[in-house]
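Chains as they are written, first to last, in the numbering used here: chain V, 25 to 204; chain B, 607 to 681; chain D, 763 to 1123; chain W, 516 to 777.
Since the hints were derived computationally from the structure, they do not count as laboratory data.
A portion of the hints provided could be inaccurate.
[What the hints assert, rightly or not] Subject to a maximum C-alpha distance of 20 Å in a straight line, what follows is the list of computed SDA-like cross-link-like pairs (lysine to any residue):
no., chain 1, residue 1, chain 2, residue 2
1, V, Lys176, D, Lys765
2, W, Lys534, B, Glu619
3, D, Lys765, V, Gly54
4, W, Lys534, B, Ile618
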Amino acid sequence: MTEEIIIAGFGGQGVLSMGKILAYSGLMQGQEVSWMPSYGPEMRGGTSNVTVIISDERISSPILTKYDTAIILNQQSLDKFECMVKPGGTLLYDPNGITRHPERKDITIYKVAATQKATELGAVKVFNMMVLGSYLKIKPIVKMENVIKGLKKSIPARNHHLIPMNEQAIEIGMKEVEKV
Amino acid sequence: MAKIRGAIVVDIEGCKGCGVCIPACPQSVLDLAKEVNGKGYNYSYMKNPEACIGCANCAIVCPDGVISVYKVKVA
Amino acid sequence: MEKELRLMKGNEAVAEAAIRSGADAYFGYPITPQSEVIEYLMAQEPHKRTGMVVLQAESEVAAINMIYGAAACGKMAMTSSSSPGISLKQEGISYIAGAELPCLIMNCVRGGPGLGTIQPAQSDYFQSTKGGGHGDYRLVVLAPASVQEMYDFVEIGFDLSFKYRNPVMILADGIIGQMMEKVEIGPQKERRTMEQLIKQCPWATVGKPATRERNIITSLDLVASRQEAFNLKLVKKYEEIKEKEVRFELINCDDAEYIIVAYGSSARLSMKAMDLLRAKGIKTGIVRPITLFPFPSKVLFDLADRVKGFLTVEMSTGQMVEDVRLAVQFKKPVEHYGRVGGVIPSPEEIVNALEQKIIGG
Amino acid sequence: MAEITIKDIIKEENLVYKKSKVLTNNTMSYCPGCGHGTAHRLIAEVIEEMDIQSQTVGVCPVGCSVLMYNFLDLDMQQAAHGRAPALATAIKRLMPEKFVFTYQGDGDLAAIGTAETIHACNRGENITIIFVNNGIYGMTGGQMAPTTLKGMPASTCPYGRDIEMMGNPLKMTELVAQLAGTYYVTRQSVHSPVNVRRAKKAIRQAFENQKLKRGVSFVEIVSNCNSGWKLPPVKANEWMVENMFPFYPLGDIKVEGQLVTK
Chain V
25 MTEEIIIAGF GGQGVLSMGK ILAYSGLMQG QEVSWMPSYG PEMRGGTSNV
75 TVIISDERIS SPILTKYDTA IILNQQSLDK FECMVKPGGT LLYDPNGITR
125 HPERKDITIY KVAATQKATE LGAVKVFNMM VLGSYLKIKP IVKMENVIKG
175 LKKSIPARNH HLIPMNEQAI EIGMKEVEKV
Chain B
607 MAKIRGAIVV DIEGCKGCGV CIPACPQSVL DLAKEVNGKG YNYSYMKNPE
657 ACIGCANCAI VCPDGVISVY KVKVA
Chain D
763 MEKELRLMKG NEAVAEAAIR SGADAYFGYP ITPQSEVIEY LMAQEPHKRT
813 GMVVLQAESE VAAINMIYGA AACGKMAMTS SSSPGISLKQ EGISYIAGAE
863 LPCLIMNCVR GGPGLGTIQP AQSDYFQSTK GGGHGDYRLV VLAPASVQEM
913 YDFVEIGFDL SFKYRNPVMI LADGIIGQMM EKVEIGPQKE RRTMEQLIKQ
963 CPWATVGKPA TRERNIITSL DLVASRQEAF NLKLVKKYEE IKEKEVRFEL
1013 INCDDAEYII VAYGSSARLS MKAMDLLRAK GIKTGIVRPI TLFPFPSKVL
1063 FDLADRVKGF LTVEMSTGQM VEDVRLAVQF KKPVEHYGRV GGVIPSPEEI
1113 VNALEQKIIG G
Chain W
516 MAEITIKDII KEENLVYKKS KVLTNNTMSY CPGCGHGTAH RLIAEVIEEM
566 DIQSQTVGVC PVGCSVLMYN FLDLDMQQAA HGRAPALATA IKRLMPEKFV
616 FTYQGDGDLA AIGTAETIHA CNRGENITII FVNNGIYGMT GGQMAPTTLK
666 GMPASTCPYG RDIEMMGNPL KMTELVAQLA GTYYVTRQSV HSPVNVRRAK
716 KAIRQAFENQ KLKRGVSFVE IVSNCNSGWK LPPVKANEWM VENMFPFYPL
766 GDIKVEGQLV TK
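If we strip away everything but chain V, and leave its shape as in the complex, we get (with noise of 0.2 Å):
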């Protein structure tokens, strides 16, 4: 099993991080991972986008131009990423803010509106737990127990008290998310 990965939206929407939990939950589960972020001036304040590689198997290159899933957080991340998933790979994306809606034909694409549900529910700091969650429900390539092992590494120990909370965040991800 190879998974690879492409998250993409803009700075402050928790990319990274949800980049790196993905990562981690990856290595607690024994497999090879590598986590590959845009770097440099685009990260201040524009775009900001992670390849993650998830594989029973050593990884090769850690910067792709196809990948098996893309997870888009904005318009301009659907511009650019829309065509560099594979034929018959996953788009998950989020609604918020997007103009022109994915178009192909040959990939499954699902959508959570997780921003609005995020606000909804004054949830905002989890809001890229809840795309991980949806993500995890259409691709479940990581168990639970080793998400929330990932969390616990990822996040520093004095904010360990917030893991339900992204737990919480994880499991409603998983419900709102619908195919398109």
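Use these hints to put chains B, D and W onto chain V, whose structure you have.
Quick look at chains B, D and W alone, frame taken from chain V:
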């Protein structure tokens, strides 16, 4: 009255004949020799040894540390 | 004992490895894309963990000269920077090589020349392997291709640097520095005591006791014949390094008809390309130099007898390709493919390059 | 009683002054009358008197004193031009119990190494910096230094330093005294017995201060350059008194962390 007598020994081959010791001496003991050392320098020597009081001023201004100073009290 | 596994950035792995390998000091100056090294170290408070000294210098120039001062005391000292900063360090690196001191330097390469870009590149190959600073000297250059190797090469690098009294460079790039991967963390090694240090480094300037002559660390000799003798002594050392310390990885070379030669992150990109080529039935293998100096020339020379051609993949306009051509000695075609200025070649581009430049060429 | 002879005086028991054991037997490579030799001697004497030879690491500069390690019987490191304070920073940080000093000329400390000097001083490294200022580049043949006086000729300002064209002479010592990291800053000279005694006291203080861990002790020694100034040694010292001292006045500038008010 106790009198102080001093004397210096110059490492002749180490001396570069700069002459900085000469004005440092309060007793006008020193001068540069007419002869030269192996390097070709007119080395420092006690022209007027009886006047030396062993104050070491010559030695402490010597950039090359080639002067040793001896001092005795003479009854 | 269970292995400790962590998800770490390459830059963080280097920093943690420095602490764990019992390093005495890190001196550095921030520059993208490797500032995480000093940020991580400062956050870890290694002075509390092991007594290791970490200091943010006023410049790369000061930092490398702090390394010189520390290394001259026999201390295990490390610095890191990225391309423009490494250029500033070259004077100091030349002095360290000239004074035969051990130290570790990590270069997280970004695109140049000049201020260039902050994106990944491999355009400092010549600078790293052919000298970089003035005078006839060489660095031992290790090229990690994973975060695990970023971690492992710190201790290997320190060992080599002390074994040969020569600076060692870890030549990484923005990809290896910034990416996170699984890292197996080794145990904490004790820092050497002063007695151990003096035993290992009798030449160290730690204060002259009455029992020995003074130790002088210098790279100066105004007598040309003596300086020449010293240069020849260095050559002898480099020859010994070439003989004993070559490291490389062969990936699917046994049945390969075509060889991609790539180091560091380009090797990772090329592995993906190799999979794509093999899926098309093109038997491709990879030679991944791990030491860039000493360069694995012999394995390439030997492979040239039984493969059809070589493609080097580098994020430069073609630097390592010269060493590959020297190694292959015109037995088979050697071509270069690279993207530069911070642009990363895609595996598909590498496939095309091999098909067009080598197979079709 | 018979008159005492020179031979009677020159006996081991009457010895009151000789070259320090911390100096080697190598003849110093400096020109006749050069203040570097005297400054080296004072450092050696202080180290001998404090009995810290085995605990001292020195850093040589680039310039005339590049070969200083040939003359002092100490463990020494030879730094790249201007970088001595960076080396000293590392040595002291890694071996805080040792005595660490740099010895630097005006080109080394006040030109190419300005950044290293300022920052080591500002960080308050517990080191001793000996700064020999003769207003000229001696080793390379008498070129203008940052400390060359207004109107003073040098090979790269043969008609004298023109302030408009070449800028002002730099008072590095006053500058570092302003920094919170310096504990003791003083300016001395070594051309006369009284000045040598004062300079030695200052160097001693600068080494003793390392035990306090309160920051940099910085001793400038205004010195001569007979070759660069094209004057015989004694004349050069006179010229120094008349010309250098008015611009670079001798005395303490900062004591126990406090600027001296005059």
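| Are there hints from earlier that the structure breaks, and if so, what are their numbers? | none
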